[in-house]
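Chemist: As they're listed, the protein sequences go chains V and Y. Quick note: the first sequence, position 119, residue 119 per the numbering used here, numbers continuous. Quick note: the second sequence, position 289, residue 289 per the numbering used here, numbers continuous.
None of these hints come from the bench; they were simulated from the model. From a predicted model like this one, the values you see are computed outputs, not experimental measurements. Positions of the beta carbon are idealized from the N, C-alpha and C atoms, including for glycine. Please note that the accuracy of each hint is not assured.
Residues from chain Y that face chain V, not an exhaustive set, calculated with beta carbons under 7 Å [as the list claims (entries may be wrong)]:
#1 F69
#2 V73
#3 M75
#4 Q78
#5 V207
#6 P257
#7 L260
#8 P261
#9 T262
#10 W263
#11 L264
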Amino acid sequence: MRLYGVVAAGGFRRYTTYRVATAAGVFTNTVFGVIVAYTYIALWNQRPNLGGYDQSQALTYVWVSQAMLMTVNLFGGGFADELVERIRTGDIAIDLYRPADLQLWWLSADLGRALFHFLGRGVVPLAFGALFFDLALPINPGTWLAFLLAVLFGVVVSFALRFLVALSAFWLLDGAGVAALVSIAGLFFSGMLLPLNAFPGLLGEVARALPWSSLLQIPVDVLLGRHHGWGLLGAYGFQLGWAAALLGAGRLLQSAAVRRVVVQGG
Amino acid sequence: MAEPVRGSGRADPVRGSGWADPGRERRAPLGVWATYTMIAGMWIRSTLAYRASFVMMLIGNFLVTAFDFVVIVLMFSQVRSLGGYSFAEVAFLYGTSTTAFGLANALLGSIDKLGARVRDGTLDALLVRPAPVLAQVAADRFGLQRLGRLLQGLLVLAGSLAALDVHWTVAKVLLVPVTLLSGTGIFCAVFVVGAAFQFWAQDAAEVQSAFTYGGQTLLQYPPTVFAKDMVRGVTYILPLAFVNWLPALYILGRPYPLDLPTWLAFAPPLVAAVCLVLSGRAWRVGLRSYRSTGS
Chain V
1 MRLYGVVAAG GFRRYTTYRV ATAAGVFTNT VFGVIVAYTY IALWNQRPNL GGYDQSQALT
61 YVWVSQAMLM TVNLFGGGFA DELVERIRTG DIAIDLYRPA DLQLWWLSAD LGRALFHFLG
121 RGVVPLAFGA LFFDLALPIN PGTWLAFLLA VLFGVVVSFA LRFLVALSAF WLLDGAGVAA
181 LVSIAGLFFS GMLLPLNAFP GLLGEVARAL PWSSLLQIPV DVLLGRHHGW GLLGAYGFQL
241 GWAAALLGAG RLLQSAAVRR VVVQGG
Chain Y
1 MAEPVRGSGR ADPVRGSGWA DPGRERRAPL GVWATYTMIA GMWIRSTLAY RASFVMMLIG
61 NFLVTAFDFV VIVLMFSQVR SLGGYSFAEV AFLYGTSTTA FGLANALLGS IDKLGARVRD
121 GTLDALLVRP APVLAQVAAD RFGLQRLGRL LQGLLVLAGS LAALDVHWTV AKVLLVPVTL
181 LSGTGIFCAV FVVGAAFQFW AQDAAEVQSA FTYGGQTLLQ YPPTVFAKDM VRGVTYILPL
241 AFVNWLPALY ILGRPYPLDL PTWLAFAPPL VAAVCLVLSG RAWRVGLRSY RSTGS
């Protein structure tokens, strides 16, 4: 257990060296936040209460999603690119020798990364949004704690998805194509582009049932106080259910892959 | 390193890199376009080596922008107008901005990797080659899959042109291709300035994205959606409004934001030319100030 703590700390520290990149990212998230916020204002002016959000809740949705974009890694990549590269070059053979579990190792590193991005790229855009727009942020610290837990579960689901994608490189060698497709699905079905509650009819129901809704939609709804009591437990259960299923699938795929590993050009 | 050493005969840096034949050693430096097409061609062949992955990336590139449009479709499934504009009108704005950006992105999209090259020192290798650095950086990792975005923009544009209820005049018809090409020029200039900026701020590729991808997103929506100060900013400071807003509003017969004169609809080629000249200058200043990390 201590080992994985060290790996997570390493994952965190690694990103602290990218200070300029983090500042640049904060700037970009803020610019996009402003652009999207105005399109939402136009939309909610026409349809007040769309998706059950009032305008300030919709704006909160925009700024929280910009703040969480990197934390739950909606664009994909991160450790997955590295793992794909290790599979392609054959370095993965060395990883498999190590007395550490491959999946847990990368999960720990990814949790460290997520924490860094939560602090480094999350706080400032949200503060900017709160300063210049009328947001509906909760005052109750319990709601914030519930939100943090939902974010943590969202990161785990996001990791489990990306781990599956990375393992596909065992079969395809170049995982960029699958990674691109999955990250696009993630962008759309996480509710990054539009809250899933504002999706019409069946599309909305399907989108809310897919694992990506754990990444963004559920955490933001928890923050907006839409899940409480048993409903909150249900939301957590949904996230944990997907996490367990996807991590389990990752395990199965990993053991299948290890049996057929061919070290390329070692 | 101050200036790239061009065509110095000693120890040809090109030889053995698989980049050009050694016989070129003493010939004149390559032109911008020749350099660009040669490197781009190499990357196209390389991309096609992993066929399945390429197809998925092409589809992916198509979809990633298609989803942008799906959002607009979803919005219009809930409302009948956005910022006072109809669906066909917003689709027209979307089509012009995405096509212009798609073309610029296909041509210069790799340029945001410049910061990484400055950081890891691989830019030095480009400086000693007898070919323009800008063309080398721009063509690097040229991705054929980027055509997915362009294709998607063109499809939406074609659809919107069919759906629009516009009284077409000769001027309006001609203005459509002019808008697309000038818009491409303006976006190209933004890409080059962003790259020049990375000579100093090596780690700041994302700042560039704010202006390129962010600019494209902004222009998909009518100017009436945004705060006046934002519209002022993208008209007078970073002239993105000339990419599509001003000519498109003329075509659609819509009032201009900020009470601008109507003839500005025909200014985009001029604005694009000025932007490209200025960006070329920014690039040269950036290149001259470049100091290798020595790694």
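Chemist: The structure should be examined with respect to each hint, and the outcome stated for every one.
Modeler: Cross-check of the supplied hints:
The closest approach between the C-beta of Y/F69 and any C-beta of chain V is roughly 10 Å, which is over the 7 Å cut-off, so the hint fails. Given hint, Y/V73 at the interface with chain V, is violated; its Cβ is 10 Å from that chain's nearest Cβ, farther than 7 Å. Taking 7 Å as the C-beta cut-off, the interface hint given for Y/M75 holds, the closest approach to chain V being about 5 Å. Interface hint at Y/Q78: satisfied, since its Cβ lies 5 Å from the closest Cβ of chain V, which is below the 7 Å cut-off.
A least Cβ separation of about 5 Å between Y/V207 and chain V falls short of the 7 Å threshold, and the interface hint therefore holds. With a cut of 7 Å, the hint placing Y/P257 at the interface with chain V is violated, because the nearest CB-to-CB distance is about 13 Å. For Y/L260, the interface hint is violated, since its Cβ never comes within 7 Å of a Cβ in chain V; the closest pair sits about 20 Å apart. Interface restraint check: Y/P261 against chain V, minimum CB-CB distance 25 Å, threshold 7 Å, status violated.
Residue-level restraint check for Y/T262 is violated (minimum Cβ-Cβ distance to chain V is 25 Å; threshold 7 Å). With a cut of 7 Å, the hint placing Y/W263 at the interface with chain V is violated, because the nearest CB-to-CB distance is about 28 Å. With a cut of 7 Å, the hint placing Y/L264 at the interface with chain V is violated, because the nearest CB-to-CB distance is about 23 Å.
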